[in-house]
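**Q** Residue strings, one per chain:
Protein chains: 2
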Amino acid sequence: MIRLEDKYALSFLKEDDIASLTPALQTADGYIRNRNGAGNDFTGWIDLPVNYDKEEFARIKAAAKRICETSDALIVIGIGGSYLGAKAAIDFLRSPNYNSIKKDTPDIYFTGNSFSGDDLKEVLDACEGKRVSVNVISKSGTTTESALAFRFIRSELEKRYSREELKERIYCTTDKARGALKNFADAEGYETFVIPDDIGGRFSVLTAVGLLPIAVAGCDIDGLMQGAAAMREQCFADGLNNVAYRYAVLRNAFYNQGKRIEILASYEGAFRSMAEWWKQLYGESEGKDGKGIFPASVAFSTDLHSLGQFIQDGSRTMFETVVRQEKPVNTLTVPFDELNTDTLNYLAGMTMNEINDHAMTGTLLAHLDGGVPNLMLTYDSRCEYTLGEMVYFFELACAASGYILGVNPFDQPGVEDYKRNMFALLGKPGYESQKEALENKMKL
Amino acid sequence: MIRLEDKYALSFLKEDDIASLTPALQTADGYIRNRNGAGNDFTGWIDLPVNYDKEEFARIKAAAKRICETSDALIVIGIGGSYLGAKAAIDFLRSPNYNSIKKDTPDIYFTGNSFSGDDLKEVLDACEGKRVSVNVISKSGTTTESALAFRFIRSELEKRYSREELKERIYCTTDKARGALKNFADAEGYETFVIPDDIGGRFSVLTAVGLLPIAVAGCDIDGLMQGAAAMREQCFADGLNNVAYRYAVLRNAFYNQGKRIEILASYEGAFRSMAEWWKQLYGESEGKDGKGIFPASVAFSTDLHSLGQFIQDGSRTMFETVVRQEKPVNTLTVPFDELNTDTLNYLAGMTMNEINDHAMTGTLLAHLDGGVPNLMLTYDSRCEYTLGEMVYFFELACAASGYILGVNPFDQPGVEDYKRNMFALLGKPGYESQKEALENKMKL
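So the protein lines, in turn, are chains A and B. The numbering of the first sequence is my numbering, which starts it at 26 and goes up by one. The numbering of the second sequence is my numbering, which starts it at 26 and goes up by one.
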């Protein structure tokens with residue numbers, strides 16, 4: 026189970042800093058249990074690990090099997106929550122360099138998440154000469170980035186495959202009933218999977234959004250759901266004292282002290298993309314109404330030779346949450362070297378994991394001395410069950426934390442602002458008057 | 026040439042916010058020109074673009090050619106500044122997925138930058154069955170992360186190659202005369218390249234540290250130096266009004282207003298690793314004495330569906346520097362689609378780059394409305410010359426900015442703190458008393 030240790034953080038807090046948050050936590054807990062807080066239409070993720078559509082789940086596994094059999098590459102088209110979770114899971118479970126390792130599952134390319142023609146062209150080039158399947162993920166089917174990429178990729182695939190063949194190669198994860206993508210998929214006969222109405226993008230990794238690409242990568246999605254279900258059960262059994270709420274309360278206590286940055290630090294390259302997923306989850310859930318803790322991440326020990334200096338000794342505006350992996354996949358033991366020119370024989374016989382652990386503790390104590398509170402989060406290993414636990418832990422903590430902060434953790438009103446401006450500048454029909462206003466602003 | 030536009034930032038500043046920094050800028054400029062400020066022993070990067078060792082430069086090119094001819098993979102062993110610059114350059118110039126694109130240059134694996142056994146094992150596995158060369162980069166040769174990785178990799182290579190063969194496969198970038206790695210290389214007959222005494226790790230990308238891996242990736246290192254030299258000449262010709270100093274002054278003006286986070290935003294996947302290099306450069310140079318702007322980065326538009334919400338509407342503690350690429354490598358034109366189910370025909374005939382540019386401007390205006398000042402930095406294209414300009418621009422601006430802030434931009438005293446603790450916990454001879462003190466602390 027996920028463990029949270031706060032002994033390297035508590036000295037920065039007074040008893041009352043935590044106790045005074047209890048009423049807000051109780052309210053948050055009520056909102057979560059009774060689904061009656063702000064954004065309550067988007068709380069489907071709470072029961073998802075035990076309440077998911079088993080028929081669809083089986084279809085996801087079957088589709089993944091088919092894709093693996095018929096494809097050298099899967100292109101996943103989606104932006105934000107429509108790919109960050111899947112990428113995080115695949116990097117964590119398989120490899121942060123998944124596409125370049127030796128494996129018997131397809132390469133996976135994430136695209137449709139920017140307007141960069143160079144980014145898109147790379148994916149098109151990478152798939153040349155390969156047998157390709159596509160998973161396009163969009164609730165509406167009109168999200169500009171993803172829909173554009175789908176246009177390019179479809180027109181490419183239509184040169185290679187017949188309409189009939191494409192039915193076996195294009196999979197749409199979208200609204201259950203409506204929208205441009207759903208209509209198109211039905212008309213063409215593509216298999217569809219559902220983005221539930223009550224689960225927002227950043228909470229969607231355990232829906233078809235994440236599960237299909239994760240399954241194609243050869244991961245055990247049953248284990249993922251079991252881990253999430255176990256964490257759910259544990260948290261609700263532990264009530265207000267559960268580990269997710271504890272994390273939510275502590276980060277709010279630091280926020281109330283004036284900390285404005287949380288740094289998620291890990292010591293495993295495989296965790297890097299998890300941190301990107303976490304940044305979206307927390308940044309988008311809490312960064313509103315002029316509030317919120319800015320989520321940043323580092324990969325240690327390399328970033329100790331980068332942002333490490335800042336954390337040790339720069340502006341004092343941060344706290345750290347250190348993610349610790351208990352068991353490595355591989356046990357490497359430092360070899361003895363007769364020459365010992367590098368003077369490292371004092372480490373011979375030690376495992377890399379032991380050394381990594383000491384580096385972590387040493388760093389933690391150093392940052393503590395530098396005035397940075399450190400929370401420590403331990404997970405077991407890079408396996409599906411652990412990942413399921415971690416996903417649910419971070420989601421539940423995020424909901425509670427947002428409610429304690431006093432925001433709606435499930436909306437993202439600010440995301441519309443750039444879209445509106447962009448549509449106007451691109452000349453989208455209906456945005457004419459806004460275009461003129463913007464162009465005047467640009468003249469300043 | 027790099028252009029800096031401040032019209033989306035100036036409305037947040039009063040005339041005096043900038044004018045009042047002129048004396049500090051004059052002082053900084055004097056320190057830089059006369060090499061008499063704090064850390065002046067580490068200002069070798071200033072004249073490097075015109076003053077580099079031409080004989081070594083030719084040897085680097087020859088070594089790169091040899092590595093390309095004899096190797097399927099190059100393993101680069103180094104931490105912090107010993108790999109971030111090379112990785113940034115290769116990702117920017119070739120591809121952020123360099124190892125998985127089709128190419129006629131070797132794969133390049135960066136390792137020795139963490140204690141994760143899993144990270145190291147991945148590189149060992151990836152190189153199985155491949156013809157391998159190694160570039161180990163360490164001033165002293167005793168940096169724990171890198172030296173440990175070198176131990177593992179050497180013991181692996183010794184199984185495959187004779188001592189004679191290894192002379193053609195191991196290249197050491199290290200101190201010119203002293204240290205464990207230099208001694209070892211000389212004893213074994215490995216070719217060595219120099220980490221100059223007067224250039225710190227984070228300023229070292231245009232030395233052999235960066236140049237050898239960059240050249241192996243097939244990039245034109247002459248172009249890189251020419252771009253840097255051109256930027257150097259331009260900046261010193263423009264005096265106090267140069268573009269790098271302007272950036273330095275503006276970011277200090279925002280810092281003085283209470284902004285504590287700078288977000289470097291780009292719209293090209295190829296720029297992601299450049300942002301990591303930038304984070305080290307600025308974070309390590311400025312984050313000290315309780316001061317500094319925390320450097321963070323985003324890749325738009327995808328992160329508009331992640332940290333975008335926070336930037337638009339969360340805690341108001343940040344300003345943004347938007348990096349704009351003028352010319353794409355590939356021009357992709359949006360195809361017309363008769364069905365138009367995605368309703369995007371209004372974009373048909375437009376290039377992705379035009380759309381990307383509108384997305385950028387739309388976002389910039391939205392963030393402006395959200396109260397976030399935006400600086401805009403335009404570079405020409407993903408080519409060596411441009412990259413050279415950019416490297417020099419950021420380095421010079423960083424030195425000036427640090428001096429304006431009142432810190433030594435060239436030291437990193439905080440990096441020693443974690444090392445000291447780590448050595449103690451690992452039982453390194455000579456750290457016995459500190460070990461006991463730390464273990465007591467851990468009991469708390």
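Read the hints as simulated data drawn from the structure, not as lab findings. Be a bit skeptical, because a hint or two may be false.
No copy is singled out in the list; a pair is fine if it fits within one copy or between any two copies.
When the alpha-carbon atoms are kept at most 16 Å apart in a straight line, the in silico EDC-like pairs for lysine to aspartate or glutamate are as follows [said to hold, decoys possible]:
1) Lys-79 / Asp-129
2) Lys-155 / Asp-78
3) Lys-352 / Asp-42
4) Lys-86 / Glu-216
5) Lys-184 / Asp-200
6) Lys-444 / Asp-382
7) Lys-90 / Glu-193
8) Lys-79 / Glu-183
9) Lys-146 / Asp-394
10) Lys-453 / Glu-379
11) Lys-284 / Asp-245
12) Lys-460 / Asp-382
**Q** Against each hint, give a clear statement of whether it holds in the structure.
**A** Here's how the hints hold up against the structure:
Proximity of Lys-79 and Asp-129 under a CA criterion of 16 Å is satisfied in neither setting, with 27 Å inside one chain copy and 47 Å between copies. Proximity of Lys-155 to Asp-78 under the C-alpha cut-off of 16 Å is found in neither arrangement, the shortest distances being 33 Å within a copy and 46 Å between copies. Proximity of Lys-352 and Asp-42 under a CA criterion of 16 Å is satisfied in neither setting, with 34 Å inside one chain copy and 52 Å between copies. In this assembly of identical chains, the alpha carbons of Lys-86 and Glu-216 lie at most 16 Å apart only when taken from the same copy (13 Å versus 53 Å across copies).
Neither within a single protomer nor between protomers do Lys-184 and Asp-200 lie at most 16 Å apart by alpha-carbon distance, with minima of 28 Å and 56 Å respectively. With identical chains, the CA atoms of Lys-444 and Asp-382 are at most 16 Å apart between copies only, with a shortest distance of 13 Å across copies and 44 Å within one. For a Cα distance limit of 16 Å, the shortest separation of Lys-90 from Glu-193 inside one copy, 12 Å, qualifies, whereas the shortest one across copies, 46 Å, does not. In the homo-oligomer, the alpha carbons of Lys-79 and Glu-183 never lie at most 16 Å apart, since the shortest distance is 33 Å inside one protomer and 53 Å across protomers.
Proximity of Lys-146 to Asp-394 under the C-alpha cut-off of 16 Å is found in neither arrangement, the shortest distances being 48 Å within a copy and 33 Å between copies. Taking CA atoms no more than 16 Å apart as the test, Lys-453 paired with Glu-379 passes between copies only; the shortest distance there is 14 Å, against 57 Å inside one copy. Taking the shortest alpha-carbon separations for Lys-284 and Asp-245, neither the intra-copy value of 39 Å nor the inter-copy value of 45 Å comes in at or below 16 Å. Taking identical chains as interchangeable, the C-alpha atoms of Lys-460 and Asp-382 lie at most 16 Å apart only when they sit on different chains, with a minimum of 15 Å there against 55 Å within one chain.
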